[in-house]
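Residues per chain, in single letters:
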Amino acid sequence: MSLWDRIDKLDRRWIFLLVGIAVIIPLFVNMEAEISITPEARQLFEAVDALPNDSSIVLVTFDLYAFSLAETEPMARAALHHLFSKNIRVVTVTTIPLGGPSIAERVTREVAAEYGKTYGVDFVNLGYKPNYVSVLRGMGTDIRSIYPTDNSGTVLDSLPLMNEVFNYDDLDFIFVTADNGIVDFWISIVQAQYGIPVGAGVTAVMAPKQYAYVGSGQMTGLLGGMKGAAEYELLVERADLGVKGMAIQSLIHFLIIALIAVGNIAYFISLRRKRRGQA
Amino acid sequence: MTVFEIWLGAFLTLAIFSFLYRDNPVYRLAESAFAGISAGYYIGLIWESVIVQFLWVPMTNPENPKVWLVIPLFLGLLMFARLFSGTALGKYVWLSRIGLAFVMGSTAGVFLMSELHGNVLGQMFGTMQVQSAQGEPAVLLTIIVAVGVIATLIYFYFSKEHTGALGVTAKVGIWFIMISFGAHFGYTVMGRISLLIGRVYFLWNDWLGSFLF
Amino acid sequence: MKQTLPVAVAFISGLIMVVAFFMRSDVPVIGGLSQEVLIWGSIVGGFTLLLGAASITRVNFNAVRLRRSGWGFNLITLVSVFVMALPAILGTFFPGVRWFGTGTGSLYDWMFTYISIPMQGTMFAMLAFYIASAAYRAFRARTAEATLLLLTASLVMLWRVPLGEWLLTAIHSDLPSLVNTYVMSGVNLSVQRGIIIGAALGAATMSLRILLGIERTYMGRG
Chain A
1 MSLWDRIDKL DRRWIFLLVG IAVIIPLFVN MEAEISITPE ARQLFEAVDA
51 LPNDSSIVLV TFDLYAFSLA ETEPMARAAL HHLFSKNIRV VTVTTIPLGG
101 PSIAERVTRE VAAEYGKTYG VDFVNLGYKP NYVSVLRGMG TDIRSIYPTD
151 NSGTVLDSLP LMNEVFNYDD LDFIFVTADN GIVDFWISIV QAQYGIPVGA
201 GVTAVMAPKQ YAYVGSGQMT GLLGGMKGAA EYELLVERAD LGVKGMAIQS
251 LIHFLIIALI AVGNIAYFIS LRRKRRGQA
Chain B
280 MTVFEIWLGA FLTLAIFSFL YRDNPVYRLA ESAFAGISAG YYIGLIWESV
330 IVQFLWVPMT NPENPKVWLV IPLFLGLLMF ARLFSGTALG KYVWLSRIGL
380 AFVMGSTAGV FLMSELHGNV LGQMFGTMQV QSAQGEPAVL LTIIVAVGVI
430 ATLIYFYFSK EHTGALGVTA KVGIWFIMIS FGAHFGYTVM GRISLLIGRV
480 YFLWNDWLGS FLF
Chain C
493 MKQTLPVAVA FISGLIMVVA FFMRSDVPVI GGLSQEVLIW GSIVGGFTLL
543 LGAASITRVN FNAVRLRRSG WGFNLITLVS VFVMALPAIL GTFFPGVRWF
593 GTGTGSLYDW MFTYISIPMQ GTMFAMLAFY IASAAYRAFR ARTAEATLLL
643 LTASLVMLWR VPLGEWLLTA IHSDLPSLVN TYVMSGVNLS VQRGIIIGAA
693 LGAATMSLRI LLGIERTYMG RG
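Line by line, the protein sequences give chains A, B and C.
Sequential numbering from 1 applies to the first sequence in our numbering.
Sequential numbering from 280 applies to the second sequence in our numbering.
Sequential numbering from 493 applies to the third sequence in our numbering.
Errors might be hidden in some of the hints.
Claimed, not checked - Okay, the calculated bits of chain A under chain C, using three or more residues with CB under 8 Å as the criterion:
(1) 10–18
(2) 22–36
(3) 56–67
(4) 138–146
(5) 261–269
Unchecked claim - Restraint-style ranges between C-beta atoms, simulated for each label pair:
(6) B:Leu491 / C:Tyr710: 48 to 56 Å
(7) C:Arg634 / A:Val29: 34 to 42 Å
(8) B:Leu356 / A:Ala50: 44 to 52 Å
No lab work stands behind these hints, which were simulated from the structure alone.
Model, not experiment: these values are computed from the prediction.
Note that beta-carbon positions come from the ideal geometry of N, C-alpha and C, so glycine has one too.
With these hints in hand, go ahead and build the complete structure from the sequences.
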């Protein structure tokens, strides 16, 4: 077997090792590079920034599973920093049963604590209710009938913030963080029917599809994956995991492009030799 | 995070990663615990958010008891008739369809309108306007979008053979689709690496950082 | 009866939602009725999740009872279900006990945060290794279409990271901006839009078939 044949049929665990090494190198070597801001991220930032301070109320959704936290949590944190720094009040909600309420509770309370915000006055976590169609559509008429209580079982009427929020008419913006197709329904069921602006921070896998909604004006700004999170972190001047992760991200992208190139070269050389052998 | 919580997280992370070498009992232990915890999470969540908050509290409210909620409770309980399959009560499995039909029907009712109104009309409207790049109207971009939408729709239109003008348009469609799927692949790679970065930072900063530096 | 009753239930609940779409939410009867349908839908939807959890528990219980191969792992799953669910349920009956319930500080919340999150995150993080392997072994420029896909993927991978963007800028200062405008917001947008329109028409058609009782596969056999 020639060298190129061996390269073509390399055991995948060698690839795993290369990825492992590429992940570790940026932890020791400073590989920082300037992170540019895409127009979609800036559009989202500017839409939130344009909301009146103090009086606005924004719905932040945690439509995400725990597996995607590396991408989505930095977005949600950056969004909450932006909102709380403007004294904008926040209502959180989730349509994800596996961990959504716990994640929303933890992340929101941690960021709120940095700004001295009070639960019930400055922010409320409505938590989870099953069947996202019921939740998205039902909140348009009456939030209380879908969420009789908040996540911890407190009746909504006893929370001062919720005395100003009855349905989508009382919200100024919806900031969706999502790792699945629910984000489409925030557009097709909520934005289209109730006219409330919706911006989104989504996982990289979800991002290409969302360009269609940004282009049609149905979505007000978009953050795509960890790079999107890094962009928003820079815009709100709170660099965190998104910004830190860009060095590793860069190196592995280069590695994968190199692997594709080497894999193709090895494949075509092996193929040519086989054809010559047959001839 | 306490030291125990950090070490527990690190052990579970490494236990799952051990699958990269080969399947092993430590991985299967973590996998089994994961499946159980997920099922337990669902039970706790539905107990609290549905049975207590949605049913028990409103039904037992002394001022205005919503006794009619016994109907969705009954429809929900009928779902469990699915578990009768293969038992002596197998002939009652069909009862689970009633609850399922209720959810399917109401969801279909919402989707019938929202998909046409929110997606078909919304996206068609977006295609019929001049596209802009960096805030300026862009003619080339407008042509690309219009051609791309039509060509993609035609590529997925299988009711007529792709020959003649239809075939040419479908061919253009496949070129557009390949570019879009390529972009999608690039983004997918990015997403998967981001998730790895999250775990690496946990191991590096929280775990190793707690005793090495 | 086994088919007619579910079809009638689906038709009535769906029809209420269709009619409600055209009316304000404060319209008498239909406004309240549609909201009630949504609440009931959420309640019944919750029971479907419970059914899933019950099914997992039953499968694992049977495996342990019959001492099937690897039953020890099934036992771990079973124990995990109860350790997670039981304190959550007990919180309703003993609200003063800190470890019970589902709120912050409960055993339920602790187990999710410190056991489930690391495992979920790692399971999907492993895909980074597999996607690198797949890119190396399967991503071949065999045809013109595959080459186009491969080149776009590489271009987008470069564009989405700072070092790659720096490289693209070195080639031509406008290149990153052109990728965003013409690849992502141009070609990609148009294809995604075509797919969204097609899928939405399909979803609307399927919804109509369900409402009219033509589509019944969701009911299963029997």
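May I ask which of the numbered hints given earlier this structure violates, with the numbers listed in increasing order?
none
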